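Protein sequences, first through last, are from chains R, Z and Y. Following the UniProt record's numbering, the residues of the first sequence are numbered contiguously, the last one being 455. Following the UniProt record's numbering, the residues of the second sequence are numbered contiguously, the last one being 455. Following the UniProt record's numbering, the residues of the third sequence are numbered contiguously, the last one being 455.
Hints in this document: simulated from the structure, not taken from any laboratory. Don't take every hint at face value.
The list makes no distinction among identical chains, and a pair is therefore deemed to hold if it is satisfied within one copy or across any two copies.
What the hints assert, rightly or not - Once the Cα atoms are required to be at most 30 Å apart in a straight line, the calculated DSS-like pairs of lysine-lysine come out as:
| id | residue 1 | residue 2 |
| --- | --- | --- |
| 1 | Lys30 | Lys158 |
| 2 | Lys6 | Lys256 |
| 3 | Lys403 | Lys256 |
| 4 | Lys27 | Lys158 |
| 5 | Lys355 | Lys30 |
| 6 | Lys186 | Lys403 |
Predicted, not measured: the structure shown is a model, and the values here were computed from it.
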Amino acid sequence: MASRGKFTIVLMILQTIFIILFGIFVKYEKTDQADGQVPGIRNFYPMFKDVHVMIFIGFGFLMTFLKKYGYGSVGFNLLLGAVVLQWGTLVEGFFLHKFAQFSVSIVTLINADFAAAAVLISFGAVLGKTSALQLVMMSVIEIVLYHLNIYIGTEYFKAADIGGSMFIHVFGAYFGLAFSMVIYRKDVKAAEDDAGSVYHSDIFSMIGTVFLWMFWPSFNAAIAEGDGQYRAVVNTYYSLAACTVVSFALSSLVNKRGKIDMVHIQNATLAGGVAVGTAANMVIYPWGALIIGALAGVVSVLGYRFLTPLMDRIIRLNDTCGVNNLHGMPGLVAAFVGIVATAFAKEDAYGHSLKTVFPGRFNSTMGEEIRSAGTQAAYQAATVGTTLAIAIFGGLITGALLKPSFWEQPRDKQIHSDEDYWLLPDDGFPDRGFPDVKVITGQVGPIEMDNNTKI
Amino acid sequence: MASRGKFTIVLMILQTIFIILFGIFVKYEKTDQADGQVPGIRNFYPMFKDVHVMIFIGFGFLMTFLKKYGYGSVGFNLLLGAVVLQWGTLVEGFFLHKFAQFSVSIVTLINADFAAAAVLISFGAVLGKTSALQLVMMSVIEIVLYHLNIYIGTEYFKAADIGGSMFIHVFGAYFGLAFSMVIYRKDVKAAEDDAGSVYHSDIFSMIGTVFLWMFWPSFNAAIAEGDGQYRAVVNTYYSLAACTVVSFALSSLVNKRGKIDMVHIQNATLAGGVAVGTAANMVIYPWGALIIGALAGVVSVLGYRFLTPLMDRIIRLNDTCGVNNLHGMPGLVAAFVGIVATAFAKEDAYGHSLKTVFPGRFNSTMGEEIRSAGTQAAYQAATVGTTLAIAIFGGLITGALLKPSFWEQPRDKQIHSDEDYWLLPDDGFPDRGFPDVKVITGQVGPIEMDNNTKI
Amino acid sequence: MASRGKFTIVLMILQTIFIILFGIFVKYEKTDQADGQVPGIRNFYPMFKDVHVMIFIGFGFLMTFLKKYGYGSVGFNLLLGAVVLQWGTLVEGFFLHKFAQFSVSIVTLINADFAAAAVLISFGAVLGKTSALQLVMMSVIEIVLYHLNIYIGTEYFKAADIGGSMFIHVFGAYFGLAFSMVIYRKDVKAAEDDAGSVYHSDIFSMIGTVFLWMFWPSFNAAIAEGDGQYRAVVNTYYSLAACTVVSFALSSLVNKRGKIDMVHIQNATLAGGVAVGTAANMVIYPWGALIIGALAGVVSVLGYRFLTPLMDRIIRLNDTCGVNNLHGMPGLVAAFVGIVATAFAKEDAYGHSLKTVFPGRFNSTMGEEIRSAGTQAAYQAATVGTTLAIAIFGGLITGALLKPSFWEQPRDKQIHSDEDYWLLPDDGFPDRGFPDVKVITGQVGPIEMDNNTKI
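Construct the complete structure from the given sequences, taking the supplied hints into account.
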């Protein structure tokens, strides 16, 4: 049960800390151009906007499928995003600049959005089963581990993961799943009938799906360079197309009466964007992108249809949005594809872009080769292993820290319901009345007065 | 009645063919830049994204107005788009490169989106009256004829049609209408009460309308050059504004009680983007763009109000979304405007852009004039004539091919309803219960288990 | 009660006037580039599109929260936008070019969108309480005063207001509030129960909120130059993040049971974009942007919670969307921040951008300083004062002009209802039946026939 005050205090303390730390560490980028133009605006801002739309409209509306958790889905998505844009900026700077002052560029904004993506993927695993308090604290802890993992993966392994399928999708999914496992409560079963969608909430959800689908080429290409950026766009575009066709085909097949399931269309159609992410800027050829997308569709639909219910029943691992099927397993496919593509990367296929796609293979000053393709492939494998380890271990610890009743995890009918945290209009929820809420709105000043403000 | 298996098999066969053909024919573009940048990214990617949004959000949500066909509208829109992005890439390459290997550029992606637009316009004419099987096969056939028509129009007539009002809108509309006429079944009347909207489905539809409206300047300017691109943006922007004002004015006028009809606001307000499409990059002046837009609003509202019901009653031509009023007739207006603007195009008004706007008039190597303005105008007329002929004839043939019961055209209450193809949540549809569906969801494993995945 | 004909005649007369005036005054921009490219396309078009989305999706859907005014919110938003895009282009040209011919550039399109923003903010103050006739006439009058104020503020005071927080937000809000005060009618109380939201209308509203939130950095940076543009993006991005965190924190605090109010999440989270607008391109530092955003969240939530109900009760000032809390007071905060930041602006912090951020301080030809920082700060203060005066006085006059019954202001149950102006589907409104509407749709030909068009 959400109590008054605690939520406010936690957020105000966090925001105060952010302001102080920004005052100490964060400064503006200096322009080096004759015309005073900061090049980041021209080169990265258009891509940044697409990523921004994916984070706040894409993830936010994708999760509105729950019949009674629409406010929480799009609302807490916005709140967690707002927390991470600030905290992610700080933590990234701390790792990269060793607690010296640092400047923010447009790429910094993109990276803060990427960090938000990881947190929002974890949010999907526990959607409707956690309090806003738990979600905010989870975000604060997860971001530190997220950047620790990226620091290891980029500074030491120098892994290639242009679309962040390992650093963002695998990390966010398995951190969230481990977290979900620890905070699991039997009363989730009591809220089963609120765990589904209604007709129009599925259509709200498709707003998120389609924006994610359309802008995923920008997500995978946002920080790519040269013709690697071109390949990232083309590969992602075609991978998603193939994934969509296969998702429709399998969704119908796995249903006894041949019917298509909106859960698959809302989620599995996007798996192609994840699965191609690590190798998006590599020379995998358009036909390779189609195969990767098709494979991702198969893995994702079968995961939703068979694996998720099993996990829920056998190991009490409850995955509200099925992030294992959209981000987890397709992310592992991406990591595998990345290892293979890295192992076979040759100069004749890549030309000058071999150095930009695989910076770890070449000396940054002299430019001569310091790692073979095979060695780099091994480092790719080490990166996904490290990512899994930090994500799962971190998720378990975080779950243990946030399970105590102090963090006000919702119970029974509060689960999968906005009722715990949100003022509801007099109509309650679209599919049934809410007598108790009616009473509330009768008692309380605020909603009365806020209603007046709209007269 | 949709059967299990057939839909899956057809999609899997298609996807397999796409992968094989991509493997044989499609390769990456080679960069020619010192910095390895592929110029297409900077010059065309921002426009591509807007077109992409129009195809998948614009068309997808515009069609969600039907009270019980929301899943099918946005879902099949995504499926058909995904099929055409792949198939359209291949067929365009076959025509342009005579079955030699070809590379994909960002312009290729834009053209694949344009091809999807034509198919989705045809989809609008038969929305709710066709099976997914019929829609997929229709797309496969239509794309071949679509590119045949463009090949004739651009290679031989060298027509100017920067916004594709002839090649995309006229073709898509009349192909779809001819197709609709052939597959017409009397039992459409039995589903009349499901053919309308409910209050919130009209608002979902406005998401599509507004995104189409906002990004139409990008649609008409996407592949334009130099100051022709500037004119395409400005002309489309003002044409849409005038069309919107006139659509509101007439919508109220043609109703006995002076009320505005959402059908007109959702559709007729967009006719200005179609009607200015062919001449968008020509020197028609801003006031000319306003007149074209206003005219389009008149044609479209009157079409919805009087012509569509007549066609339905008299020649049994049923047009679910009224594509004749949004794409067909405004496209013919665009073709006519294009003929006139072409006939009066002079060097003093166009300057250097005369060669880029009317490539057919000049020798590509030497650059001297080989066609007079009048001659080019005649070729413009020939292009719209050819487009109508191929579209109508092709639509009739395609309808005949896909009418057999093998293709599972929906009947009676399956018409205008997601019930035939989609798993429905327990609430059935927003405006009434679905006892039979409740039974289904009670019987079937999949939805049970998928519900669990969301707990 | 809306009558048939009057609405049509007014719109057709306006559109005819627009066409004539465009014919006399508006011409194309001449390109000065070797490649014929109009530079505006590359430099301003990407920003223009984001602003365009904010105007038509952002404002349009933000206002759909009313349970029975969804058609009017997104529909009239589109109509008023379409009127202002044309009329705003003309009036701006008249002021800047003294009734000589002028050319339209991409910046002209951005400025027309900005003008639409001011009108749509005023629309928010009277949402559901005015006829479409009143709204159209209000827009026509408001735009003249809007550009008069900008002319004074930019030509004489040479004020810095890159995000238009004074020229757009303060002006639009207080014009609308003064207008609302004059047209106030007691029967607004009779429609109290229609003044709220239903569950899914709040989610529609969040579509508007999130798009406004995401693209606000583009709004504040659209016409900024050099590194000032970079600062406008970064400052707005972080200001919005801090504002969002604080809005959630306070929304929960001001409710007796600690519940979050969607009204605050839909609106107050955006106040940070307004409050940072005037100083967005100035050197306020990221930590300063966070403080401004946090302050805006406090002002906005407290305004919704306490001030708006008070204004409604004590001075009969009814503010449907609470524009005073989202645009008015945060705009005044922006003006104050702008005065302070201007007073302390020094060369060493700004470098070469001091001249572009504060053009009023330097001679345009020679470039030497003609105004001190303090003097410019005084002019900033004069600008906000003039803006308030013109907005309030103009709003009062406009309200008096449009209050007569000739303008068909809605009464009683027509208030906050689409019933007065729109054909409604047979289901009436989602939360209850509409017997009278059922009768109407039974009588009238048009809706019957339009239904047929969808069969």
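Hints, verified against the model:
| no. | hint | result |
| --- | --- | --- |
| 1 | Lys30 with Lys158 | both (27 Å within a copy, 27 Å between copies) |
| 2 | Lys6 with Lys256 | between (48 Å within a copy, 13 Å between copies) |
| 3 | Lys403 with Lys256 | between (39 Å within a copy, 26 Å between copies) |
| 4 | Lys27 with Lys158 | both (27 Å within a copy, 29 Å between copies) |
| 5 | Lys355 with Lys30 | both (27 Å within a copy, 17 Å between copies) |
| 6 | Lys186 with Lys403 | within (14 Å within a copy, 53 Å between copies) |
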